[in-house]
Amino acid sequence: MKQVITQASFFLLVVGAVSNSFAAPMGFKNSWMLMGDFSKTYQEFGLNYATTANDAFGISASAMQTDNSVSKQQNLEAVYTRKLARWNLPEAQANIWFIGGLGSTTGNTFTGSKAMASPGIQVDYETTRFYSMASARVYAAQGATSNITTARLGASFYEADYDEPQPWIVVEARRMTFVSKQYEFTPMVRVIHKRYFVEAGANLSGQLRFNFMYNY
Amino acid sequence: MKQINLIIAIALMGLSQTALASMKVTVNGMVCSFCAQGIEKSISKMDETKAVFVDLKNKVVVVEAKEGKTLNEKLISQEIKDSGYDVVKIETISQTVAQFRAQQKDKK
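Quick note, the sequences are listed as chains X and Z, same order. My numbering applies: residue 22 is where the first sequence begins, and numbers increase by one. My numbering applies: residue -11 is where the second sequence begins, and numbers increase by one.
Any given hint could turn out to be false.
Distance condition first, Cα-Cα at most 20 Å in a straight line; then the derived SDA-like pairs of lysine to any residue [as the list claims (entries may be wrong)]:
| hint | chain 1 | residue 1 | chain 2 | residue 2 |
| --- | --- | --- | --- | --- |
| 1 | Z | Lys29 | X | Ser52 |
| 2 | X | Lys50 | Z | Gln66 |
| 3 | Z | Lys96 | X | Phe178 |
| 4 | Z | Lys45 | X | Ala176 |
| 5 | X | Lys104 | Z | Lys69 |
| 6 | X | Lys215 | Z | Asp70 |
| 7 | X | Lys50 | Z | Lys69 |
| 8 | X | Lys50 | Z | Glu28 |
| 9 | Z | Lys77 | X | Ala113 |
| 10 | Z | Lys45 | Z | Gln92 |
| 11 | Z | Lys45 | X | Asp184 |
| 12 | Z | Lys33 | X | Thr73 |
| 13 | Z | Lys29 | X | His214 |
| 14 | X | Lys50 | Z | Asn16 |
| 15 | Z | Lys93 | X | Asp182 |
| 16 | Z | Lys45 | X | Glu185 |
| 17 | Z | Lys96 | X | Tyr183 |
| 18 | X | Lys215 | Z | Arg89 |
A partial selection of chain X residues facing chain Z, derived with a Cβ cut-off under 8 Å [claimed, not checked]:
| hint | residue |
| --- | --- |
| 19 | Phe49 |
| 20 | Arg107 |
| 21 | Leu110 |
| 22 | Glu147 |
| 23 | Thr148 |
| 24 | Thr149 |
| 25 | Gln187 |
| 26 | Ile213 |
| 27 | Lys215 |
| 28 | Phe218 |
| 29 | Asn236 |
Distance ranges between label pairs, derived from CB positions [said to hold, decoys possible]:
| hint | chain 1 | residue 1 | chain 2 | residue 2 | range |
| --- | --- | --- | --- | --- | --- |
| 30 | X | Ala99 | Z | Gln91 | 47 to 55 Å |
| 31 | Z | Lys62 | X | Ala99 | 31 to 39 Å |
| 32 | Z | Ser65 | X | Glu185 | 20 to 28 Å |
| 33 | X | Ala106 | Z | Gln87 | 34 to 42 Å |
| 34 | X | Ala115 | Z | Lys77 | 17 to 25 Å |
| 35 | X | Glu185 | Z | Gln91 | 13 to 21 Å |
Source of the hints: derived by calculation from the structure; they are not laboratory data. Just so it is clear, CB atoms sit at the ideal spot from N, CA and C, and this is done for glycine as well.
Okay, chain X solo, but in the shape it has when bound (with noise of 0.2 Å):
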């Protein structure tokens, strides 16, 4: 079983990647997107702009802790993403993005404020059934860095019409390097409808998790 697990927390590593788990990170051009991702372990909220097609500019906060909530570190940056690709195809739509923060951290793990930078990257597909997503980002401090793997896969219910909420369920594998070296596996329910997106849900260990974005 072990090994099971090992093999699918390598092969999560080679295919791709870091937090941000939300499904597009950014809204269309001239709107603004308000997510948030709350769980034991990790918190964030960010708001960011789409000044382009493909760029939007926000903040992010962000807070980390242990399962045991000895070891804690908190983030505020400033959060540029870039659509470095998008795939349009008859049923399907592909992409990858860039998001990269600049900020500072502060922990109870060290004294004082660092500096941090947090490249990520994240793919994904779609279809109106089917969704599936892997991203990697590094949250980098001097004597204090981290790194988010993420992948999910889901599937939808039905095909919904444009106007009816579409409920999803979704499984995530997260690892996050300050919180422990094992992979956390979360099913969760996810529900698009229009400019709302929320998934709830709670991981294997039963720590709660709740999703959500809003563009606007």
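Put chain Z on the given structure of chain X with help from the hints.
Just chain Z, lined up with the frame of chain X:
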């Protein structure tokens, strides 16, 4: 004289039909309402737009013009591109958005 009146009437009918026509745009990449809502929002803001319908299942966007207004094909195409999608084909159709929606519903 009667012939001239008839020609004018036919011409006006033709103009009227053109002004009231809708555009049916086939779009690649539309897979969910969260992503595609930018299309509806941006095209709805255009002065000549009366109604917009995004049909995710058939991957088309139907835009209906206001009475007396003419839809700008290039602008619509650009708005869809700015929303992140690719326009494959643009056709003029005689149906309104409501009629097109009703037709799609009947097909189910």
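Okay, the hints, checked on the actual structure:
1. Z:Lys29 x X:Ser52: Between Lys29 (chain Z) and Ser52 (chain X) the Cα gap is close to 10 Å, so the pair holds against 20 Å.
2. X:Lys50 x Z:Gln66: 11 Å, holds
3. Z:Lys96 x X:Phe178: Answer holds: Lys96 (chain Z) to Phe178 (chain X) is near 18 Å, not above 20 Å.
4. Z:Lys45 x X:Ala176: 16 Å, holds
5. X:Lys104 x Z:Lys69: This hinted pair holds, its Cα atoms lying about 14 Å apart.
6. X:Lys215 x Z:Asp70: 17 Å, holds
7. X:Lys50 x Z:Lys69: Between Lys50 (chain X) and Lys69 (chain Z) the Cα gap is close to 10 Å, so the pair holds against 20 Å.
8. X:Lys50 x Z:Glu28: Since the Cα atoms of Lys50 (chain X) and Glu28 (chain Z) sit roughly 13 Å apart, the hinted pair holds (cutoff 20 Å).
9. Z:Lys77 x X:Ala113: Roughly 17 Å separates the two Cα atoms, so the pair holds.
10. Z:Lys45 x Z:Gln92: 10 Å, holds
11. Z:Lys45 x X:Asp184: 12 Å, holds
12. Z:Lys33 x X:Thr73: Since the Cα atoms of Lys33 (chain Z) and Thr73 (chain X) sit roughly 17 Å apart, the hinted pair holds (cutoff 20 Å).
13. Z:Lys29 x X:His214: The given pair, whose Cα atoms are some 14 Å apart, holds under the 20 Å limit.
14. X:Lys50 x Z:Asn16: 18 Å, holds
15. Z:Lys93 x X:Asp182: Given pair Lys93 (chain Z), Asp182 (chain X) holds - Cα atoms ~11 Å apart, limit 20 Å.
16. Z:Lys45 x X:Glu185: Distance ~12 Å between Lys45 (chain Z) and Glu185 (chain X) Cα, so the pair holds.
17. Z:Lys96 x X:Tyr183: Measuring from Cα to Cα gives roughly 15 Å; hence the hint holds.
18. X:Lys215 x Z:Arg89: 18 Å, holds
19. Phe49: 3 Å, holds
20. Arg107: Holds: closest Cβ of chain Z sits about 6 Å from Arg107 (chain X), inside 8 Å.
21. Leu110: With a closest approach of 6 Å, the Leu110 (chain X) hint holds.
22. Glu147: Cβ of Glu147 (chain X) sits 5 Å from chain Z, so the hint holds.
23. Thr148: 6 Å, holds
24. Thr149: Holds, about 5 Å.
25. Gln187: Given a least distance of 7 Å, the restraint on Gln187 (chain X) holds.
26. Ile213: 5 Å, holds
27. Lys215: Holds: closest Cβ of chain Z sits about 5 Å from Lys215 (chain X), inside 8 Å.
28. Phe218: With a minimum Cβ separation of about 5 Å from chain Z (threshold 8 Å), the hint on Phe218 (chain X) holds.
29. Asn236: 7 Å, holds
30. X:Ala99 x Z:Gln91: 47 to 55 Å: 49 Å, holds
31. Z:Lys62 x X:Ala99: 31 to 39 Å: Taking Cβ atoms as reference, Lys62 (chain Z) and Ala99 (chain X) lie about 36 Å apart, which means the hint holds.
32. Z:Ser65 x X:Glu185: 20 to 28 Å: 27 Å, holds
33. X:Ala106 x Z:Gln87: 34 to 42 Å: 38 Å, holds
34. X:Ala115 x Z:Lys77: 17 to 25 Å: For Ala115 (chain X) and Lys77 (chain Z) the Cβ distance comes to about 21 Å; the hint holds.
35. X:Glu185 x Z:Gln91: 13 to 21 Å: 18 Å, holds
Going down the numbered hints, you'll see the structure goes against none, and every one checks out.
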